[in-house]
Each structure stands twice: as C-alpha cells, then as structure tokens.
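Student: Single-letter residue listing:
Protein chains: 2
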Amino acid sequence: MDAEGLLADELFCFLEARRKEDFSYSHILSSMCTTPHPVAVKAHALFMETNLGDPGLFPGTVSLEDELIRWFADLYHEPSAGGCTTSGGTESNIQVLRFCKAAKKAKNPNIVVPASAHFSFEKACKMMDVEMRLAPLDHEYRMDVNAAGELIDKDTCCIVSVAGTTEYGMTDPIPELGKIAGQEDIHLHVDAAFGGYVLPFLKDAPKFDFSIPEVGSISVDPHKMGMGTIPSGVLMVRDEKVFCNLLVETPYLTVKQAYSLTGTRPGASVAAAYAVSRYFGTKGYTSLVTGCMENTRRLIEGMEAFGVRRKVTPDVNVATFDHVDVPKPWIVSYTRKGDLRIVCMPHVSRDVIESFLADFGEFHVPNTH
Amino acid sequence: MDAEGLLADELFCFLEARRKEDFSYSHILSSMCTTPHPVAVKAHALFMETNLGDPGLFPGTVSLEDELIRWFADLYHEPSAGGCTTSGGTESNIQVLRFCKAAKKAKNPNIVVPASAHFSFEKACKMMDVEMRLAPLDHEYRMDVNAAGELIDKDTCCIVSVAGTTEYGMTDPIPELGKIAGQEDIHLHVDAAFGGYVLPFLKDAPKFDFSIPEVGSISVDPHKMGMGTIPSGVLMVRDEKVFCNLLVETPYLTVKQAYSLTGTRPGASVAAAYAVSRYFGTKGYTSLVTGCMENTRRLIEGMEAFGVRRKVTPDVNVATFDHVDVPKPWIVSYTRKGDLRIVCMPHVSRDVIESFLADFGEFHVPNTH
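Protein chains in written order, with UniProt numbering: chain C, 1 to 369; chain W, 1 to 369.
Mixed in with the good hints, there may be bad ones.
Which copy is meant is left open, so a pair is good if it fits within one copy or across any two.
In silico DSBU-like links for lysine-lysine, alpha-carbon gap of 35 Å or less [stated by the list, open to error]:
#, residue 1, residue 2
1, 207, 328
2, 179, 328
3, 283, 107
4, 126, 42
5, 241, 337
6, 256, 20
7, 256, 107
Note that these hints are calculated values from the structure, not bench results.
Since the structure is predicted, the reported quantities are computational estimates derived from the model, not experimental observations.
Hey, can you work out the whole structure from these sequences and the hints?
Tutor: What follows is the structure in structure tokens.
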C-alpha cells in the first residue's frame, strides 16, 4: 500500500499495461458481450455521476429510464407494460423469483425451468429456498412442453422459458407454455437476456413477447446484443403491480419506497442503452441483427464444409457444433455437453468469420471414421 | 418508437438537455454519493468494455480487482483477508446473509441488526426468509450491546454492526459486539459502506476493522467516500472459505464456478476504484477525509450559532440537527425520526458550507421558545 500517491501519468501508464493483458474482443468468439457502441460509450460518460437509486436528484436520467421502458413496451407489443432497469439478466431473474414467491405464499414453492436455463436460476433458487424443477429439452434443445406440464403442481409459482438460450441459441415453445401457464394460473417468465434484442428484428422468428397473452414478464440485456455498456439489464412486466410485494421503505432518500434489488445504481448504463435505441431505431437494429445472423449461417456452412456438423439451426446468432478443438488465439467455449459453441456478436464480423475459418481449416484434421 | 434512428448530433443535443434536468451536486447535501474523481472517470473509460463475470477473458482487469482487495486487506489490518467486488453495499450485505444463512443451516435463521442499519438488510431478510431482530440504540445512536446480546439465540447466524451509520454517522461499539459474537460463535459483519473510507484515515477514530479478532466481514463502497464510479462495492472477508457455500457451476465461461451474486459485471468501476486508491495513496485519503471532517465541524458550529442544535457529534462526515426547514435550492434530507441530515461529501467544500450557512441564516427564523 502506497502512503504517497502515484502521479497521474505514471498511474495511467500502469493501467494501460494492465488493460493490454486483457484479451481483445477481436478473437473472442465465446462471449455474449461485445464492444459497446461508441454512442453508448459517449452517453455513459455524459451520465457518469448519476444515481438512479436516489431518483429525485436525477429527474432527467429517470426520464430516459422511463422512455427505455416505453421503447421495450412497444417493441414487445404491450404498450401498457411496465418495467425497470437492473444490472443484468441475473438480477432481473432474481427479481422475478422474488415477486413470484411473494405472490404465491406457498410453504415450499417451486419453479419449472428448462434444462437449458441460465445458471442464475440455480443461484436465485438456492438463495430464496425455492425448488428448481428442470424440464428436459426436445431434440432441438427446446423445453419439452409436456414434461414441463407434468412438473407443475399447486406450489409452482413460476414457469421460466428462454428466448435465445445461452448454449444453443434456441427459443422455447412459449405460446404452448403460455396455454399451460394460463390453465394453471402460474406466472410465465421469458428470459430473453440475449434474444430480446434479436428476435424482434428477424422475419419469421419464434414468438416470445407480450403478444402471447400469458407472458407475465420478460428480461432483456442491453449489455449483450443491445450494444450498451455493462451493467445493463431491463425487466419488463405486463402489470407493474407485481412489484408491490417488493417495496421497502427508503428513509433519507428522495423517494419513500423502492422495489429494486440494489441501492445506489448507475444511470450511466441506462442512458447508454437508451442512446443506442434512439440512434439505431428499429431499422438500425434490424440491419445489425440481420448481419449477425448472416455471419452465423456463413460460419455454420464453413464448418460443415470441414466436416464439423452443426448441432442445430439456431433461432439467434449462437452456433454449436460437434466437439472439436480450435487453434489459438481464438477463444471459443463448449456447452455442458461438450459441444463447440460460437457466439456471432457484432464484433464477430464477416472478416472475423473468414479469418477464423481459414485458421481452422489449416489446423483441423478431418475426422475420418 | 423510431423506425429510423436519430443523427448523433441530434441525439446528444437531446441527451444533454435531459442531463441538465438532473440536479447538480453543487447543491446536493443529502447524498452519500459524490462527483467521481477525474482519475476514476478516466480509468472507467479505459476499462469500459471489460466484464469481470467472465474473468478468463480479462486477466489484466482481474489483477486490478485482486490488488484492490489486497489494498483493503492491508488497510483493515489483516493482510491474509480475502474479498470480492460488488455493485455496492446492498449486494455486499446480501452476500453476507447468503453465506451466513448457508453456514448456519438453521430452520428459522435470524440476524441481529442495530435499529440504525441500512434498509438493505430488510430487503435481504425478506428475500431470504431470515428474521431481522432490531437492537435499539443508545443515547448516542450506537447499537445497545446488552440489548443485542439478549436478542441472540441458537438460530442467530449473523450480528450486523455499522461503521458510519447512514443517518447519524455513528459507529457501533464493535469491540464489545465482537466479544459477544466470539462467545456465541456467531459471524460478526461490519457494514462500513460509508465509514470504511473515512475511519481508517482519522486519528482516534473508533475501531471497526479486522484488528478486532471477531470481525468476520466488512463491506465498503468505493462509490461513496472512495470517489469511485457507480456501481462499486467491496466485500472483505477474514476467511475466503465463507464463499464456498455460494459456488454455482458456470458452464460456457472461462471459469467453472462463481460465487458472485450478479453474472456479467463491470470491470470499469473496479478499475476506477483501484485508480483512485493508487492516485491518492493513504496520504491523499487522509487529506480528503480530514477536510470533510473539518467542514462537518464548521457546519455544526454554524448551525448551532443559529440556535439549531446538533443531535450528536458524529464519527464520520454526517451532521444531524433538530428538525428545521432549509431554503431552496439546497437539497437536504431528514432521518426516520425527522432530524435534519447533511452529508459533507467531498463536493460539499468549505465554500459550499459557507454559502449554505449564509442562505440558511437569511431564511431561518430562530425558534424562540
């Protein structure tokens, strides 16, 4: 620990060296995050000191949060929907479990989630003593609706479905799950952390939003395909009343009650997410997402030309293949089952795909059996 | 919702107008946040795209997180202490409850907190079905040790104490609470979200850190008196093994397990917190904190000269007074009991104090009874 401080020049020389030790997104094919859009970075800087945990002090920033929620309400076909911003998908999913558990008041509550659900549900269930029941997937890695139906009982407080799974990029059969949720009067949550910025901008994409009448909530992350800054999540709810169960008194702040999970929370990343939505408009996102899907198809064709089979044709820009190693310095990931997984984020451009395929072709010895 | 996007110039003209609707920190006397230090802002920008939720991709950023933890370990007199960064005090306190509850395995666990505890404990307890037992305060707004002792039973998994309370700026009698915690073998947590950046730099400050042998964990927020960027919290623990109970598997990431509450999480605000600690060194923080305490004393003297009595002489830079209104445009807050509360943050300079006192003097009609 220094007693004397460092000079700024010396400090930033050191910090820049450390920053260079990080991998560059140029070779990262495993992440659902990406380089934030320059408009997001500029907006983030402009709102750096704002704190949405004390909203009365920052009415201008709050108005951007409100407009971002309205933008999603329109995009998800329910103009009267409400919502709030969060630090990302995990916090959004925790908030859903909080209000579902509080509303159900069961002694031993449970939720039904697909085997493909993000690990945040395991974390949230353990924390809140909620049983997590895993519904198996069908041959296309989508939640098996009949199996899900059989897992439900009177203590089920939530059915979770995923729009654009982390591992295989698939979307569960949400309209069918909606029918079950409606019959049994159970909250249906859609984890669209990734797909929520993709599916609305694709032709013939599977349905996942409030146009399905039983969908009660949708989580979506601007810091993934929204090209916003970290940390940035949005939780949309059909009826804002669900938040009432979460209110606590907040003395000495400019509001008297709050339902957010965190206290002090950044306005900067909310302004960044809002800025990108306005800068792109629906046309801009359509162009971005269409490009990512084209690159995903090109990658799949290229890998199959090397004899490496796709696992499935994905709904979003996540490509998976039979297990195979890839050459350095490319960074890929593998699913729980060991399948190769590549996320075609905006930084994974057509040039990056071609460069990866060329390196892979030189490296790969075809499987001959 | 726009189909076409906005031009960048048009967008930033709009965003700047919204930003101007926010209050400026120049007249905010109610907040425990402040304008981040320019060094923090610059470091934040340099690390904007880093994600500590996938640490293998960002080893340079991870090394800064490690060094920030080491800095606090030294500062808090336990070089072998461990810890992690969080989004702020609320998340840190939730993490403490998670590991205390998991370790205790009681059917109906409870925690004992002072009546002055931050409302995040209420939130965390409700979420995790933990009973919150409130210990009353003594005449100086510090936790009553005997009353706390009487609230403890075999299901108590944590005693919470506060170093620099949000409302009155007081520090609980932590060495005495430590004796009880040691006798009963109960985890003792210190919520030093505010005081953790103040008390170590003051002469004759009350003891609160790992030099008290029973203190098991300490939370502290760089985005408060650390002059970091939002969101930024640190949770220090004497023994890192406490986190083992929180581990979940994290498939498809560069690490196999994680114990953090959130998933994707910013490296930018961690780099910012680290940058300020190196830039200031202990001498810089000592100078900053000494100035804030001098301003606090000047404010108290000035208000008492107008006949407005202090409630208590605080341990940190939070001043409280008998209830009285203040003139616009000054933004103050009031405690749950209705006492006037002013936080003398770094942006509340001596000039700001004098300007506030002058305005208050013109506005205030002395209470004559």
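Student: Could you run down the list of hints and mark each one as holding or not?
Tutor: Cross-check of the supplied hints:
Taking CA atoms no more than 35 Å apart as the test, residue 207 paired with residue 328 passes in neither setting, with 38 Å inside one copy and 52 Å between copies. Taking CA atoms no more than 35 Å apart as the test, residue 179 paired with residue 328 passes in neither setting, with 47 Å inside one copy and 56 Å between copies. In this assembly of identical chains, residue 283 and residue 107 lie within 35 Å of each other by CA distance neither inside one copy nor across copies; the values are 48 Å within and 54 Å between. In this assembly of identical chains, residue 126 and residue 42 lie within 35 Å of each other by CA distance neither inside one copy nor across copies; the values are 39 Å within and 38 Å between.
Proximity of residue 241 to residue 337 under the C-alpha cut-off of 35 Å is restricted to the inter-copy arrangement: shortest distance 30 Å between copies versus 40 Å within a copy. Proximity of residue 256 to residue 20 under the C-alpha cut-off of 35 Å is restricted to the inter-copy arrangement: shortest distance 24 Å between copies versus 45 Å within a copy. Taking the shortest alpha-carbon separations for residue 256 and residue 107, both the intra-copy value of 30 Å and the inter-copy value of 33 Å come in at or below 35 Å.
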